[in-house]
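Chemist: Residue numbers (numbering that gives the first Met the number 0), protein chains in the order written: chain F, 0 to 249; chain X, 0 to 287.
Simulated from the structure, these hints should not be mistaken for lab results. Keep in mind that the hints are not guaranteed to be accurate.
As the list claims (entries may be wrong) - In silico lysine to aspartate or glutamate, EDC-like type, Cα no more than 16 Å apart, as pairs:
1) X:120 x X:91
2) F:51 x X:156
3) F:47 x X:261
4) F:47 x F:1
5) F:51 x X:260
6) X:131 x X:191
7) F:47 x F:82
8) X:120 x X:56
9) F:47 x X:260
As the list claims (entries may be wrong) - Some chain X residues flagged as far from chain F (calculated, every beta-carbon gap over 12 Å):
10) 25
11) 30
12) 91
13) 110
14) 140
15) 142
16) 202
17) 217
18) 284
19) 285
By construction, the Cβ of each residue, glycine as well, lies at the ideal position given by its N, Cα and C atoms.
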Amino acid sequence: MDRQTRLLEYLTSREAIFGDVGSTSRNPLLQGFDRALLHIEARFSHEKRMEKIAAVFPKTFALLGDDRDAIVREFVHACPPFDISRLENARQLYNFLISRWENRPPALRYLPDVATCELAIAQVRIGADSRLAVAKRPAHKRPTHKRPTHNRPTHNRPSEIRRNPLIALLHTRFDVRPIFEGKWGDFSPIERVVPLAISFRAGEIGIFELTPEVFNLLAALDAWVAVDELPNAEGLIADLGEAGLLEERR
Amino acid sequence: MFSVAKADRRRRPAVGIGYRSAIAEWTRANLKCFDLLEVTIDHCIYGSATQRAEIFDFVGSIPINAHGIGLSIGTDVPLDLAYLDQVAAIVEQLHAPTYSEHLAFTRVPGRDLANLLPLPKTIAAAESIIAKVRTVQSRIGVPFLLENISYAFEWPDSNLSDADFLNLICRESGAGLLLDVENLYLNAQNHDFDAYEFLDSLSPDTVREIHMAGGIAISDDGLQRSFLADTHSHPVPDETLDLLEYALSLYSPQTIILERDDRLDETGEILADVARIRLCVDQWSKHA
Numbered sequence: 000m001d002r003q004t005r006l007l008e009y010l011t012s013r014e015a016i017f018g019d020v021g022s023t024s025r026n027p028l029l030q031g032f033d034r035a036l037l038h039i040e041a042r043f044s045h046e047k048r049m050e051k052i053a054a055v056f057p058k059t060f061a062l063l064g065d066d067r068d069a070i071v072r073e074f075v076h077a078c079p080p081f082d083i084s085r086l087e088n089a090r091q092l093y094n095f096l097i098s099r100w101e102n103r104p105p106a107l108r109y110l111p112d113v114a115t116c117e118l119a120i121a122q123v124r125i126g127a128d129s130r131l132a133v134a135k136r137p138a139h140k141r142p143t144h145k146r147p148t149h150n151r152p153t154h155n156r157p158s159e160i161r162r163n164p165l166i167a168l169l170h171t172r173f174d175v176r177p178i179f180e181g182k183w184g185d186f187s188p189i190e191r192v193v194p195l196a197i198s199f200r201a202g203e204i205g206i207f208e209l210t211p212e213v214f215n216l217l218a219a220l221d222a223w224v225a226v227d228e229l230p231n232a233e234g235l236i237a238d239l240g241e242a243g244l245l246e247e248r249r
Numbered sequence: 000m001f002s003v004a005k006a007d008r009r010r011r012p013a014v015g016i017g018y019r020s021a022i023a024e025w026t027r028a029n030l031k032c033f034d035l036l037e038v039t040i041d042h043c044i045y046g047s048a049t050q051r052a053e054i055f056d057f058v059g060s061i062p063i064n065a066h067g068i069g070l071s072i073g074t075d076v077p078l079d080l081a082y083l084d085q086v087a088a089i090v091e092q093l094h095a096p097t098y099s100e101h102l103a104f105t106r107v108p109g110r111d112l113a114n115l116l117p118l119p120k121t122i123a124a125a126e127s128i129i130a131k132v133r134t135v136q137s138r139i140g141v142p143f144l145l146e147n148i149s150y151a152f153e154w155p156d157s158n159l160s161d162a163d164f165l166n167l168i169c170r171e172s173g174a175g176l177l178l179d180v181e182n183l184y185l186n187a188q189n190h191d192f193d194a195y196e197f198l199d200s201l202s203p204d205t206v207r208e209i210h211m212a213g214g215i216a217i218s219d220d221g222l223q224r225s226f227l228a229d230t231h232s233h234p235v236p237d238e239t240l241d242l243l244e245y246a247l248s249l250y251s252p253q254t255i256i257l258e259r260d261d262r263l264d265e266t267g268e269i270l271a272d273v274a275r276i277r278l279c280v281d282q283w284s285k286h287a
């Protein structure tokens with residue numbers, strides 16, 4: 000076990016991946032290995048890991064620009080892989096970046112917001128996918144929860160609502176939404192606090208700016224709440240439902 | 000050596016592909032082109048709900064083989080029995096006739112390379128694997144097969160050949176061999192041994208299933224020649240098909256699976272490779 004552990008430590012090190020100077024290779028348990036071939040293995044594994052991460056952060060990676068290679072080297076050193084999944088590796092990079100940017104703010108000050116949105120989008124997609132799969136399952140394979148006939152609604156107005164548990168609510172310090180609408184190049188987001196909701200509906204990611212009041216309302220709607228407790232909110236409830244931000248039951 | 004006459008009495012191998020969710024729709028539309036699909040067990044366990052639903056929708060439409068990537072049988076710690084129980088349940092749901100895994104390790108506690116690494120080819124490593132295979136067999140209701148991996152490096156204390164290592168483990172544990180012919184080709188090229196001698200050295204009745212794939216040659220400053228990488232991204236090389244033909248003359252695998260993980264939009268290449276594999280099988284049956 001000790002040799003396997005030392006070998007994996009080496010294969011995930013900057014020394015093995017990039018040929019940086021380090022002390023890992025001096026471990027006597029690694030004597031006798033062909034270092035050139037270990038480098039090939041380390042390089043393959045690293046490239047596979049970074050492909051997974053880049054798939055979650057395409058815009059962040061593009062905006063890192065010339066800093067990207069140096070940041071990736073730091074990341075490799077600070078955060079060795081401990082899980083095979085794309086999202087877990089993406090979370091590792093995100094936490095690393097946020098922590099790094101606290102001490103050394105990025106040249107593009109809105110970059111933390113872009114990364115936050117991209118991670119939220121990945122999480123929302125995964126959550127939405129779970130629900131989609133259940134909905135797409137053929138009727139004979141779907142669990143049946145028939146509502147008693149006497150409870151069926153007689154009109155379309157929901158009796159209870161809650162926040163769609165699959166959306167993400169977050170605040171950004173810059174208005175980065177245009178970046179997700181394809182605005183690149185010389186575009187510079189406006190600095191202002193933006194309450195956002197991210198949803199995934201009909202195969203499309205939706206990024207909505209909310210008023211602070213609506214943001215707080217959605218944040219509070221963890222559990223089912225009777226619509227009657229929200230007077231004069233019928234229009235708002237209809238709009239939020241249509242955007243996929245609310246769930247309704249009758 | 001295993002006689003050709005004995006091999007010929009066996010049935011023609013079924014030919015299929017490794018199922019990948021990125022080409023789920025294409026796979027459904029072209030299902031008639033394949034005799035079976037191979038499903039990655041770990042996608043059934045950890046995949047998204049859509050991926051899982053798409054896989055289970057194939058049950059009953061086409062035979063399915065179950066292949067794992069997450070066991071890490073070579074890690075020097077006891078097997079994860081909870082994971083094995085999940086595997087057992089999925090193998091049953093898929094009605095898979097076998098369960099295969101790689102003879103490799105991918106992780107140690109706290110670190111996961113997510114890539115298959117070789118084991119030292121020694122008696123001690125073989126004994127450890129044999130004990131673990133018995134554990135797998137005690138919890139999974141179908142025959143267990145081990146797959147030979149492609150490897151970049153070797154452990155300095157390895158003192159058995161690839162074939163001797165596999166023969167020892169399969170003979171003592173009763174595990175079958177999922178022979179990855181592309182991995183054999185790559186290893187033979189990268190580490191200078193004769194792939195045909197390897198095939199001649201394998202014990203009779205060991206090879207139960209076959210994998211085929213195509214990779215690329217990569218260069219690196221530290222290497223004097225290019226290195227062949229198992230990327231599952233390109234058409235099967237002719238040399239690998241030649242090895243398949245030779246393997247079919249020696250052994251009677253029940254299935255041959257084409258693996259493809261990259262450049263999946265080149266579906267024409269996938270169908271062409273399946274046709275080339277079928278041609279090999281046809282040639283073998285004509286001579287049988």
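Chemist: Now tell me, hint by hint, if it's right for this structure.
Modeler: Taking the hints in turn, this is what the structure says about them:
1. Taking the CA atoms of residue 120 of chain X and residue 91 of chain X, the gap is about 33 Å. The hint is violated against a cut of 16 Å.
2. Using a Cα cut-off of 16 Å, the hinted pair residue 51 of chain F and residue 156 of chain X is violated, with the two alpha carbons roughly 34 Å apart.
3. This hinted pair checks out: residue 47 of chain F and residue 261 of chain X have alpha carbons roughly 12 Å apart, not beyond 16 Å.
4. Our distance criterion of 16 Å between C-alpha atoms is broken by residue 47 of chain F and residue 1 of chain F, whose separation comes to about 25 Å.
5. With a C-alpha separation of about 14 Å, the suggested pair residue 51 of chain F and residue 260 of chain X falls inside the 16 Å cut-off, and the hint holds.
6. Taken as a hint, the residue 131 of chain X and residue 191 of chain X pair is broken in the structure, with Cα atoms around 30 Å apart against an allowance of 16 Å.
7. This hinted pair checks out: residue 47 of chain F and residue 82 of chain F have alpha carbons roughly 13 Å apart, not beyond 16 Å.
8. For a cut-off of 16 Å, the pair hint linking residue 120 of chain X to residue 56 of chain X is broken: about 40 Å separates their Cα positions.
9. Only pairs whose Cα atoms come within 16 Å are accepted, and residue 47 of chain F paired with residue 260 of chain X is accepted, the gap being roughly 12 Å.
10. Non-interface status of residue 25 of chain X relative to chain F is upheld: no Cβ of that chain comes within 12 Å, the nearest being about 18 Å off.
11. Listed as outside the interface, residue 30 of chain X is consistent with that label: its C-beta sits roughly 17 Å from the nearest C-beta of chain F, beyond the 12 Å cut-off.
12. With a minimum CB-CB distance of about 17 Å to chain F, residue 91 of chain X clears the 12 Å threshold, and the non-interface call stands.
13. At the 12 Å boundary, the C-beta of residue 110 of chain X falls inside the reach of chain F, the nearest C-beta of that chain being 5 Å off.
14. For residue 140 of chain X, the non-interface assignment is confirmed: its Cβ lies about 24 Å from the closest Cβ of chain F, beyond the 12 Å cut-off.
15. Every CB of chain F lies more than 12 Å from the CB of residue 142 of chain X, the least distance being 26 Å, so the non-interface label holds.
16. The Cβ of residue 202 of chain X lies farther than 12 Å from every Cβ of chain F, with a closest approach of about 28 Å, so its non-interface assignment holds.
17. Against the 12 Å criterion, residue 217 of chain X falls within the reach of chain F, whose nearest CB is about 8 Å from its own CB.
18. Residue placement check: residue 284 of chain X keeps its beta carbon more than 12 Å from all beta carbons of chain F (closest about 38 Å).
19. The Cβ of residue 285 of chain X sits about 40 Å from the closest Cβ of chain F, beyond the 12 Å cut-off, so the non-interface label holds.
The structure fails to meet hints 1, 2, 4, 6, 8, 13, 17 from the earlier list, while all remaining hints are met.
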